[in-house]
Structure formats: C-alpha cells, structure tokens
Amino acid sequence: MPRLFTGLEIPEAVTQQLALFRGGLPGARWVDPTDLHITLRFLGDIDTDTANEVHALLEEARPRAPLAIDLDGLAIFGGTKPRAVYAAVAANAELADLQAEHERIARHAGLEPEPRKFTPHVTLARLNRSTGAEAVAHYLSQTGGFSRIGFIASRVALFSARASRGGGPYVVETAYPFVLGAG
Numbered sequence: 040m041p042r043l044f045t046g047l048e049i050p051e052a053v054t055q056q057l058a059l060f061r062g063g064l065p066g067a068r069w070v071d072p073t074d075l076h077i078t079l080r081f082l083g084d085i086d087t088d089t090a091n092e093v094h095a096l097l098e099e100a101r102p103r104a105p106l107a108i109d110l111d112g113l114a115i116f117g118g119t120k121p122r123a124v125y126a127a128v129a130a131n132a133e134l135a136d137l138q139a140e141h142e143r144i145a146r147h148a149g150l151e152p153e154p155r156k157f158t159p160h161v162t163l164a165r166l167n168r169s170t171g172a173e174a175v176a177h178y179l180s181q182t183g184g185f186s187r188i189g190f191i192a193s194r195v196a197l198f199s200a201r202a203s204r205g206g207g208p209y210v211v212e213t214a215y216p217f218v219l220g221a222g
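Quick note: to get the working numbering, add 39 to the position in the sequence shown (first position is 1).
Treat the hints with caution; some may be incorrect.
Unchecked claim - Taking CB as the label site, the calculated pair distances span:
(1) Pro50 <-> Phe157: 35 to 45 Å
(2) Tyr215 <-> Pro152: 41 to 51 Å
(3) Asp86 <-> Ala214: 16 to 26 Å
(4) Ala52 <-> Ala127: 30 to 40 Å
(5) Gly184 <-> Gly117: 10 to 20 Å
(6) Gly184 <-> Gly149: 38 to 48 Å
(7) Gly112 <-> Ala132: 33 to 43 Å
Hints are computed from structural coordinates only; laboratory data are not their basis.
Only a predicted model underlies this, so the values are computations on that prediction, with no experimental measurement involved.
Idealized CB from N, CA, C, for every residue including glycine.
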C-alpha cells in the first residue's frame with residue numbers, strides 16, 4: 040500500500056503565487072507546485088483494511104462548510120539546523136478542529152497517536168544537511184515574504200505518496216467535499 044495522508048489541496052492560483060519563491064536557496068529540493076498541500080494527518084504505509092476503515096470514517100465524518108485558509112508568511116522548520124521552508128497557515132479554529140477530527144479518525148482506525156503538535160503549513164522546499172541557517176536567513180531576507188494569501192478549501196483529500204522519500208508526487212485517491220451551509 041502506498042504511503043497515505045489526509046490534507047487540503049491548494050488552488051492553482053495560490054500554487055502559482057507560492058511558486059514565485061522557488062529558487063535562490065542552495066541545497067533546497069523544491070516541492071513541485073502541483074504537489075503543494077496542507078497535511079492534516081499523516082497515516083503512513085498502512086494495510087488495505089486500515090485504509091478502507093479510514094476511508095469509511097472520513098465518509099461518515101460530520102459535514103463541514105468550505106474552509107477559509109490564510110497563508111501569512113514564510114518560515115522554517117529546524118531552527119539552527121533548518122530542514123524545510125514553508126508557508127505558514129494563520130491560526131484558524133475550524134482548521135484545528137478539522138485536524139483534531141482526523142486525528143480521532145486515525146486513532147479509531149488503530150493508528151498510533153501523532154506525536155508532534157499540529158503546525159499547519161505548506162512545505163515549499165526540503166533542505167539537505169549542507170544548507171545552513173545563515174543561507175536560509177539570507178534567502179528569507181531576500182524574498183521579502185508575502186502579505187496574506189487567502190483561499191477557500193472546498194474538500195479534504197486522501198493523498199497517496201508514490202516516492203520512497205517525502206516530496207511527492209502525490210495522488211488524490213479520494214476526495215471528501217465540504218458542504219455549503221454545513222457546520
């Protein structure tokens with residue numbers, strides 16, 4: 040079974056804006072704009088029965104209205120040993136609630152709890168070990184960041200990752216549309 044995760048797709052108009060930040064950082068492996076997303080819950084390499092149970096639970100999840108998402112700047116994971124550049128997602132109670140629901144679904148399907156705190160983001164680049172904090176700081180100062188980029192998420196997707204390492208390509212296996220007026 041391929042590696043699975045749930046997430047939100049990024050509209051093409053937004054991916055085009057984010058693609059403008061590609062380049063200018065030595066040691067960066069840039070995520071293809073078509074693979075940009077917000078991960079809600081990483082599921083991993085799970086067996087078919089577990090994948091089917093997750094799918095059934097996602098179909099049964101309470102209806103939700105389309106979700107307003109705001110990206111509000113560039114940041115890094117890793118501090119003095121940077122490992123990724125990302126577009127940060129502004130604090131959002133509805134998104135946090137959706138992610139918590141996906142965590143409950145994963146645990147109900149028998150998966151281990153996610154040990155990391157949810158930090159909603161869009162990974163733009165993964166960095167190799169040779170990329171130092173100074174190079175990243177220089178890159179961030181040169182890009183100038185961006186003012187908020189907003190979009191409406193219209194559905195949740197169950198993605199599969201075909202590559203053995205992170206970074207895609209990602210395939211939408213199933214989508215679960217949000218419902219106007221729900222919530």
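How does the Cβ-Cβ distance of Gly112 and Ala132 compare with 33 to 43 Å: does it lie in that range?
-> The hinted range 33 to 43 Å is violated for Gly112 and Ala132, with Cβ atoms some 20 Å apart.
When you take the CB atoms of Pro50 and Phe157, is the distance between them in 35 to 45 Å?
-> violated (22 Å)
Is the hinted range of 38 to 48 Å satisfied by the C-beta distance from Gly184 to Gly149?
-> Because 41 Å falls inside the window, the suggested range holds.
Ala52 paired with Ala127, Cβ distance criterion 30 to 40 Å | violated (19 Å)
For the range 16 to 26 Å, tell me whether the beta carbons of Asp86 and Ala214 fit it or not.
-> holds (22 Å)
Does the Cβ pair Gly184, Gly117 satisfy 10 to 20 Å?
-> holds (18 Å)
Please test the hint of 41 to 51 Å on the beta carbon pair from Tyr215 and Pro152.
-> Cβ of Tyr215 to Cβ of Pro152: about 22 Å, so the range 41 to 51 Å is violated.
Consistency note: the structure conflicts with the earlier hints numbered 1, 2, 4, 7.
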